[in-house]
Structure formats: C-alpha cells, structure tokens
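There are 2 protein chains.
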Amino acid sequence: MLVQRYKDMLSGKSVIRQLSEFATSRGQEIGYENVFDYSLGNPSVPVPKEFTDVMIRLLSEKNPMELHGYSPSLGITSVREAIAASLEKRFGIPYRKEHIFMASGAAGALAHAFRLVTEPGDEILTFAPFFPEYHPYVDLTGAVLKVVPPNTETFQINFEAFEEMLSEKVKAVLINTPNNPSGIVYSAETLQGLTDILREKSAKYGHEIYLISDEPYREIVFEGVDAPCVSRFYDNTIMCYSFSKSLSLPGERIGYVAVNPACPDAETMVNMCGQISRGIGHNCPPSIIQLAVAQVLDKTADLKVYETNMNLIYKELMDLGFTCVKPGGTFYIFPKALEEDSIAFCQKALKYDLILVPADTFGAPGFFRMAYCIDTEKVERSLEALRKFVKTEYPASQGK
Amino acid sequence: MLVQRYKDMLSGKSVIRQLSEFATSRGQEIGYENVFDYSLGNPSVPVPKEFTDVMIRLLSEKNPMELHGYSPSLGITSVREAIAASLEKRFGIPYRKEHIFMASGAAGALAHAFRLVTEPGDEILTFAPFFPEYHPYVDLTGAVLKVVPPNTETFQINFEAFEEMLSEKVKAVLINTPNNPSGIVYSAETLQGLTDILREKSAKYGHEIYLISDEPYREIVFEGVDAPCVSRFYDNTIMCYSFSKSLSLPGERIGYVAVNPACPDAETMVNMCGQISRGIGHNCPPSIIQLAVAQVLDKTADLKVYETNMNLIYKELMDLGFTCVKPGGTFYIFPKALEEDSIAFCQKALKYDLILVPADTFGAPGFFRMAYCIDTEKVERSLEALRKFVKTEYPASQGK
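Chains as they are written, first to last, in our numbering: chain H, 100 to 499; chain G, 100 to 499.
A hint or two may mislead.
A pair counts as met if it fits within one copy or between any two copies, since identical chains are not told apart.
Below are the BS3-like pairs computed for lysine-lysine, each with C-alpha atoms no more than 25 Å apart in a straight line [what the hints assert, rightly or not]:
1) K161 to K148
2) K188 to K245
3) K161 to K398
4) K425 to K303
5) K477 to K106
6) K148 to K435
7) K487 to K425
8) K487 to K161
9) K477 to K245
10) K112 to K477
11) K188 to K435
Everything labelled a hint here was simulated from the structure, so no lab data went into it.
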C-alpha cells in the first residue's frame, strides 16, 4: 500500500535529467571536456573565498555546542537580523528579523510560501516560460499550478492571457525574475502592470492575491539592465531567496522567505512558516551554513563569467540567424529552435555533442534553453560545433 | 486568506518551550549556572574532533564546486554507500545504497516515511509516552496519529490496548526506542511480540502495516542493556535515523531513511522518497555535512556522560522515594510525580529553580521528564535542590 501518487511519478523522467545522463555517458566516451553540456543550471564559479574562510574560522574557534546546536525554528536570530539589515540597505525597505524566515534553499522557501496562502484546490498562476519543478512543488501541496502562456516576442508578461486566467480561485501569483529559463528580467513597467491588476482583482474578489517572488538569480544581472525590486511594487509580496547561485553553493541548501514589511500580516506569516516546517520536516537550514552566509551577505561568487558567456553565445546565435531575446541576467538563454519541433532540433544537436534542452516542459514549445554556466573556454569551443550543426542540418537558415 | 490551520497553531504554545523560556529569564536573574534546567533535549557534549577535522579538510582541499554542488536527489552516492556498508557491518543486514535516502535529520526522515505509506485519513499508531512533535509531523500530512496508552509499570508496550486499536485503517506503526521521553529500550521480547502482531494483522487485512522506527538515540545505550536492532524483527521496517544525538550536531540537519533490504518494495520506496522531496522542498541535506558524516560513521561524541548523569539522578530519585523505571539509554528519565497533577508538581519545582517537564503532552499524565544532557557538575548541584524541594513540598514522601 505505497502511495500511488509518488509511485506514479517514478515513471516520468525529466528531459533535463535524461540529457544530463546522456552528457555524462558521452563524456565517458570522448572526454567530458568535449561534450558541450548546456543542460544543467549548476554554478560554474567557486564560492567566494570569504565564505570558506568564515566556515573554517567557525569550526576552529566557536564553541561546537553553540555552532552545531539547534537553530530556533524561524532561523538563528542574529542571522535573520543580518539579512534584514542587508535587505533594508540594498532595497530601502524596512525589513526586520520579524519578516525573515530561514529556509533550505529556494525550494524550501517556496514550500513554505505555497502552504502559507493556499488550501488544496486553490490556484497559483505562473508565467511561461517557467521552471518545470514548479509543478511538483505546487501540485503536491494540493493546490493547482496554472501556467499563463508566454509573450514570445519579449518574454515579459502576456497580460491579456493573464487577466483571463486570474479567476477568484487564484490565491497567489508566482514570478521568477531574472527568469529561468528565458534569462529575461521583468521591467518596471511589467511589474507595475502586474501589480496594478493584482490590486484591482484583490479588491474585486475580496481576498488578497499574494505575489510569490522566486529570486535565486537576483544577483546575476547584466550591464545596463535595470532589475527592479519586486517587493517595492506590491505590499503582499513573499520573496523567496536562495544563496545557491549568488554564492555558488546549491548543495548547502540555504535561503530565506522575506515577507514585505508593508504586508499587514507579515509577522504572522513568518511565525506560520515555523508551524509549516513542523509538518514538512524542515526544522531550519544547517546552523553552520546560516552563520557563515550571514557574514558574507555583501559578497557573491565572481558572476561576471556568465555575462561573458552570454555575449559570446548571443552574438553567435544572431550570426547564425536565430531569433532570441537577449538575456538580462541569469545563466540561461532561450532561443527559438530552427524547426517547429524543438525536441527534434535538440535531438539533432546531440550528433554535434551539443546538449540543448527543448523548452516544451518550460511551457514554450519551439524554443530551447542553454545553461551557459560552464567555462568560457568551453563556450568558445562549442561555437564551432554550433556553427557546424546549423550549417549542416539547417542550410537554409538566414544567418550571415 | 492565510491558511487557518497554521494560523491556529500559533496560539498553542509548547510546555517545553514555555519552561525553557522561564529557565532563560530566570538565568538572567540568578545566573544560568544556578538554574537546573532539565527541559531541553540538546546534546551537552561536543561533536567529535574528527568531524571538525574532516570539515576543515573538505573546505581546504576539495574543489569548491564539487564540495558545494547539488547533491543527487537521493543523497550523494558515496555517502549512501558508506552508510549502507556501516549498517551492514553493524547489524548484519545486507544494506546497499539503494536502501538509503539522505534526509534532513530525523524530522526530515519521518516526513518522508509518513508520506510513503499513508494517504490522508489513514492512521498511524504510536505508543505513549511519545515525543509530542509526532502530532504535527503526522497530522499535517493529513494522516491521523493515534496514541496507544502506556504500560506505566515498564514503559514497554501495552499489547492489549495496541491490539484493540490496530484497525484496518492503520497503515503504519511508529516506535521510538531508545525512547524519548521514558529512556526505556524495547526488549527483544517486546519487538517480537509487536512484529508478530503486525504480521498477523497485515495478513488479516490484506495490506502491509509498515513499522517506522525512529532511532535518533540508537547510540546512547547504557551498560548491560541490550538494544536489539528493530529491522531484524520485521521486513517492512523503515528506519529513520539522525546524527543529531550521536554526533552532537542537531543544528546541522543530517540523517537518513534506511528501508530494510528484506522489504519487497525497498528500492522503489527509496526512489519515491526522492519524489516526496520535490513536494516538501527538501532537496537533500547539505552536501558538505553529508560528505563529513560519511567519514566519521564509526565515531560518536563522548556519550558516557549521559550514563553518569542518569546514575546520579536515578539513585537520588530512589532515595527520595520516587517511582521510576531505570532508563536503558537516551538522556531522559521519566519518574512518577509525587502528586497526581504533574503540572502542579513541576510548577512547585520551579521555586527551587528545578525545570522539570510535566508529561501530559507525552501521553503519560502524572509523570514528568528530566533531560539530563547537562554538565555532571550541575547535575550534582541540582540534587541538593531536588532534596530540598521534595522534603519541603512532600514531607510525607517515602524516601530513606
């Protein structure tokens, strides 16, 4: 009598994972350095040295019972204070520790956010293209994730489709800017439009519609791009943050929920997170990692490499005649495939040892994703393969 | 429209937490060293030096992208292999990595175990006295925790009550041996009796009844006490382990689920845990902590202090005329209060700066718990306070 829902999930294998497995096994044949693996969103630059130094210092100097002791259920107080102060300084919003709940990465933060504001059967809207893990994250709570179709011209919001889908059953809207997989950053205009609609519909329906803002790529924004702070646009914003990408430590599972101080229920919501944790077995991220990140809040890994890689790839894609919105941040780019069936397109690319991810599961069929969090030297070598792939398989392409 | 269920939980304040807060504020008045705080189950001996050394070595020597990279969803392969090998060596059961799922402490392990085998509405039985957090852990999954009343003579199992409550709706039985709060270790006879009944009823009802064995105190067993391995008694055992107590690092959130290799669905269940994680936002315990514990699997903190403390307290309790089953392990002792109302009893103890926890929420009214994970020197000083308390408040007590 195992639970069928989870058993059934075992047969559905993720496309990204299959591709990544292909890359590994192909790497065993020809050397992984020769596989141009653009499948996985794993940071490719090391954690800043300061983090390592802080960790070693904590281990060497701090009383081990304090260091490894239980964290309070909302997170270590001094850590919450440090994060609140850092957010206030950065965004000019008066965050206090009472607005911060420490969570195990963005996945942990989102798990709490969804449970705060939805009962089973309630709807959460998100916008294509979107991170496909949002489906199990939401659906397994009993709420229902519905996906607003993309504006494929800009990958900003398709407002017409959004307004149509924003029914009374919707209790939260989930956004991700800078965006995985498109690399797009929502403009101030987009955020203003979005939140105007949320205010109007909240009033009309007589209940809050919360804005859940998944921001793991906040620190990866390219030159000249304005990445507005989502919380400034809307009181009922639940920010979900992860240090995975900014500090290059996705395995250490550290992030937080920050409820906008302007949200009338902010403190209650943070306290509720502590109760939600009891039901899902969280009990806080690791103490030592909490203490260490609190000391490097103004640091990031050396993220510039992602912009270098983006520029190289974007230029080549343009030269080869692809249609592609230029990314404003992240380490993803999201071009249109050169045939309608992007699965077939990505399949053909494998012959050239190019691992590209078709975007059907991201809610934008016909497109594909490249995660360019790899060494620049490898990006450069991959361009030759990309050229060969396009010229051979799509000789009619309108490239220069 | 916040979710009422979690909001309602905010008003219920845990007795343990209230007492612990009292201890802290009293400590500010008279110095914490003068407050005999037996409220919290926090390890009082440091992590073994080997763990700290391994952590520093990993930080200094390992490639940071590997060290802090994403763990596979079931846990790091080499870590699962090391744990399986260690369990095989220890218990003679042929565990392989396919039977191990890495989890964030026992709370994380239990969160997965409950979801593996129960649908909302299904029942899980546990035995009083029991860890009160089991209630939110189970109830918030939608399953129902029912508590079998205690055998107060021995704190082994009350089999008569158990058989009566073991209806067709029961999908799992949850045990905790060595036990929090009683300190009792289930004997081989108890485990044989329990699992005979489970086999009989599984056959009768035509569905498996899983045994979920919560074992965070497995390494804290006192001299001359036999602590049988639960999994040896029953094929369908889901072991939930945490390193919190054995290595004194409760804040680092590391443990595992080990499904008995004899369980026909063992490998499927471990894979299902990876799916359950997606719904509750786990995504594995921290990579660096996984890698570090895997290198110290045969180490523990210096746990002998707990036995020393137990012997001191047990002798004093006996001398003062208490009724108390002698603990076989853990760092808890569970005497009968000297009046029927153990809440009133513990309230009176506060006047002597003794922080004792009434056992009503543990399912055994009339008893109280002392968590003697404190310095032996403090235990010794507390005995004078205990004597004064008993002689003053309960002069008729039958002590020597």
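To see whether the hints hold, each was checked on the structure:
For the homomeric pair K161 and K148, the shortest alpha-carbon distances inside one copy (19 Å) and between copies (13 Å) are both at most 25 Å. For the homomeric pair K188 and K245, neither the shortest alpha-carbon distance inside one copy (35 Å) nor that between copies (50 Å) is at most 25 Å. Taking identical chains as interchangeable, the C-alpha atoms of K161 and K398 lie at most 25 Å apart whether they share a chain (22 Å) or sit on different chains (21 Å). In the homo-oligomer, the alpha carbons of K425 and K303 never lie at most 25 Å apart, since the shortest distance is 37 Å inside one protomer and 64 Å across protomers.
Taking the shortest alpha-carbon separations for K477 and K106, neither the intra-copy value of 39 Å nor the inter-copy value of 51 Å comes in at or below 25 Å. For a Cα distance limit of 25 Å, the shortest separation of K148 from K435 qualifies neither inside one copy, at 38 Å, nor across copies, at 55 Å. Taking the closest pair of Cα atoms, K487 and K425 come within 25 Å of each other only inside a single copy of the chain (23 Å); across copies the shortest separation is 77 Å, beyond that limit. For the identical chains of this complex, K487 and K161 are neighbours neither inside a copy (56 Å) nor across copies (37 Å), given an alpha-carbon limit of 25 Å.
In this homomeric assembly, K477 and K245 never come within 25 Å of each other (Cα to Cα): the closest approach is 37 Å inside a single copy and 58 Å across copies. Taking identical chains as interchangeable, the C-alpha atoms of K112 and K477 are never at most 25 Å apart, the minima being 28 Å within one chain and 56 Å between chains. Taking identical chains as interchangeable, the C-alpha atoms of K188 and K435 are never at most 25 Å apart, the minima being 39 Å within one chain and 55 Å between chains.
This entry does not satisfy hints 2, 4, 5, 6, 8, 9, 10, 11, going by the numbered hints stated previously.
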